[in-house]
Amino acid sequence: MKQSLKLFSLIVALFFVAGSAAAQDGATILAGAELTRVVPSSFYFQGLSAPTQMRNAAAARFGKDRYVISGLVDTSGYSADVRAKYVGFLITDSAITLNGESLPAGAYGFGFATEGKMTVMDLGGKDLLSVAVTNDKALRRPRPLMMSADPGGVRLYNGKDYVVIAAK
Amino acid sequence: MRSRLIVFVSFSVLLSFAPLAQTPPQKPQQPSGGASTGPAVTYTSRRTVGITDPNAPVVFEDVTDKTALANFRHHSGEAAKDYIFETTSGGVAIFDYDGDGRPDIYVVNGSTIGAMRGKEKAPRAALYHNLGNWKFEDVTDKAGVANERWGFGVAVGDYNNDGRPDMFVSNFGVSRLYRNNGDGTFTDVAEKVGVARKGWSTGATWGDYDGDGRLDLFVPGYVHIDLDHLPPSPSDVNKSGVGQNFCQFRGVPVMCGPRGLPGEGDTLYHQKADGTFEDVSVKAGVSDPEKFYGFTSAFVHVDDDKLLDLIVVNDSTPKQLYMNKGDGTFEEIGYPSGIALNENGREQAGMGLAVGDYDNDGRVDFHITNFSDDSNVLYHNDGDRNFTDVTFQVGLGEVSIPFLGWGTSFIDYDNDGWLDLFVVNGHVYPAADTHQWGTSYAQQALLFRNVKGKFERVGAPPGNALANAWPGRGLAVGDLDGDGRLDLVINNLDSKPVVLRNVAAPSGHWLGLRLVGDVAKQCPRDAIGSIAYLTTGNLRQRQDVVSGAVYCSQNDMTLHFGLGAATKVDKLEIRWSDGSVETFDVPAIDRVVTITEGKGR
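Residue numbers (my numbering), protein chains in the order written: chain W, 9 to 176; chain H, 879 to 1479.
Mixed in with the good hints there might be a few duds.
[Claimed, not checked] Partial pick of chain H residues on the chain W-facing surface, computed with a CB cut under 7 Å:
#1 Gly-977
#2 Gly-1129
#3 Asn-1222
#4 His-1387
#5 Ala-1398
#6 Lys-1399
It is worth saying that the hints were derived from the structure and are not from the lab.
Beta carbons: idealized from backbone N, C-alpha and C, even for Gly.
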């Protein structure tokens, strides 16, 4: 029984170490020219292309060549009901998870119409998935949108709220 | 296997953060998406008009109708407010243009599209000479300062060090620099000296950023507007091709902007030895290449070095804090300093700026006004180029949310030695009066009393000036009657201005300081950028000589210290703009004294 317990603990420890190493190796937050090269200057959603707020854009690379890109857009051209649900875009060129929820490769809109939730929509504005955000009260200098490293992938922050994006 | 790993790790992370996630929020829910204007809420009452308190003290008396300012009418476009440039004018200045010891008043006026196209007479700005005893004489024609362009801001500075204050008037169109001729007249020398900025100029500031003893000029740019290609107006809403692209507020068609309209960069003019100016914006690193919507600026010492720094308040975009590197360039530290955003990481619709050391810790702090459905924000200067948003901790958060703030200024209205706060408000959308948004077009001003670093709203007695609602914009502070209590002038959109006489009682002792710099020591004569530290007992106060700030406006540059019960000044220390420090004896209080560089110890 004792030996089984030891073996189980060892497996769990190896499992965690392997996982951490994979995450550390896997995600790179892009900056400077690398960032501006991948972020689109505007984004189509529900009948309009709106300019990206480049100061509020972020991207990460998983592994060698898998990218996740996100940015807030200038929604001033949208009607009030669209503005209420849509604030930015999420582009991924491979399958990812958002707080563990699967999201296939594609381009999406997102917003925070429901308190404490991030909702991902298709380009026609149809809800695809909704995940709970975590509030990072300790974050000292929050930004409207940014990414930072997380043991499980990358955190996509909106202010002090974040979700975890992981490569699948 | 890979997904199992990630699920496991993600679950661990979520578990580790679970207690934080369950902590209830301490403040009102902030909207998401970057900007900080709140979600649509239907209110059954307006929270910005008719709020009175029968037990509140009488602090200000409206004396406008006893003065010549009652004849002034601000005029900015049409009442429908179809375009953004019709909604944000204008500033006001209190300054002693003729050196008679009594502060005078300059009121900026707007204009109309017809006037801009030469089809109708342009509204006129006005200069009022203070004759004493609340008598003012309109001397606009004699002085030659009617402007007759679409005016927004005024910043005062003695740019040619001749001892007479000059005025930069920022316009939509071409701005003016009114040089004070010393005989009651002014001459527009903007073209001649190279500061005739075109475009939409707003809240400018004078300051000697390079320490050569000559004032330089910074001018923010707001939105790029082409009168021949105007953005859609609310009356265009039913035209084909406009549709849902149209600009709305809570589903109601309103004037467009600033979001969705192109912004303008900012301009820094360096004054050369021959009295002309050169545009050094790009070289200095303050050109604002992202073209944020600039509204108000101020040169001020943010840290303890001898170099004058610069803050720029932008509408709907991050604020900028430029630290002077001492080599003619600046480093922008808005994000790392905490100034760019509010504490939740949201961009705000910054309008006005109050500069002052509200907690008497020796460092300058900033209060900034914002749009309705968002709070104004107070940044406490922690030192080491760090600021903390303390708005809600000090009592300035919740109360300001329904208001759309403009001019803001620290003012020790009761002379107790602690800087109080006055904020002017008014909405940009006339539709605010016809929808249940919980706000209104004309709004009451807000007065807050500073109780050792915490703020309490001072109520408005029924029938008193503070119970009135105005479409306020500009604000200027100065002791207009020389009684030692600071008075106010408010410039109201499409209305007459308001002159508020301070009648607060009891009121503490006070001291006014007029600083005169030594040009030979590379300090501008009007001492802009200098700091006075005044000690009474255990209290050490700081006042800065600042040009601009407030909202496109200019406070009287006479530094005013409330002394409370103290009957003497224990120490007066001046840190001049050139970096030298002197101590002065103050033999008597309850008066204005002139402090000249080189005459101290």
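Against the structure, the hints:
Taking 7 Å as the C-beta cut-off, the interface hint given for H/Gly-977 is violated, the closest approach to chain W being about 46 Å. With a least beta-carbon distance of about 4 Å to chain W, the hint placing H/Gly-1129 at the interface is held under the 7 Å criterion. Residue-level restraint check for H/Asn-1222 holds (minimum Cβ-Cβ distance to chain W is 5 Å; threshold 7 Å). Restraint check, H/His-1387 versus chain W: the minimum CB separation of about 42 Å is more than 7 Å; hint violated.
Nearest Cβ of chain W to the Cβ of H/Ala-1398: about 44 Å, over the 7 Å cut. The hint is violated. Interface restraint check: H/Lys-1399 against chain W, minimum CB-CB distance 39 Å, threshold 7 Å, status violated.
Of the numbered hints stated above, those contradicted by the structure are hints 1, 4, 5 and 6, listed in ascending order.
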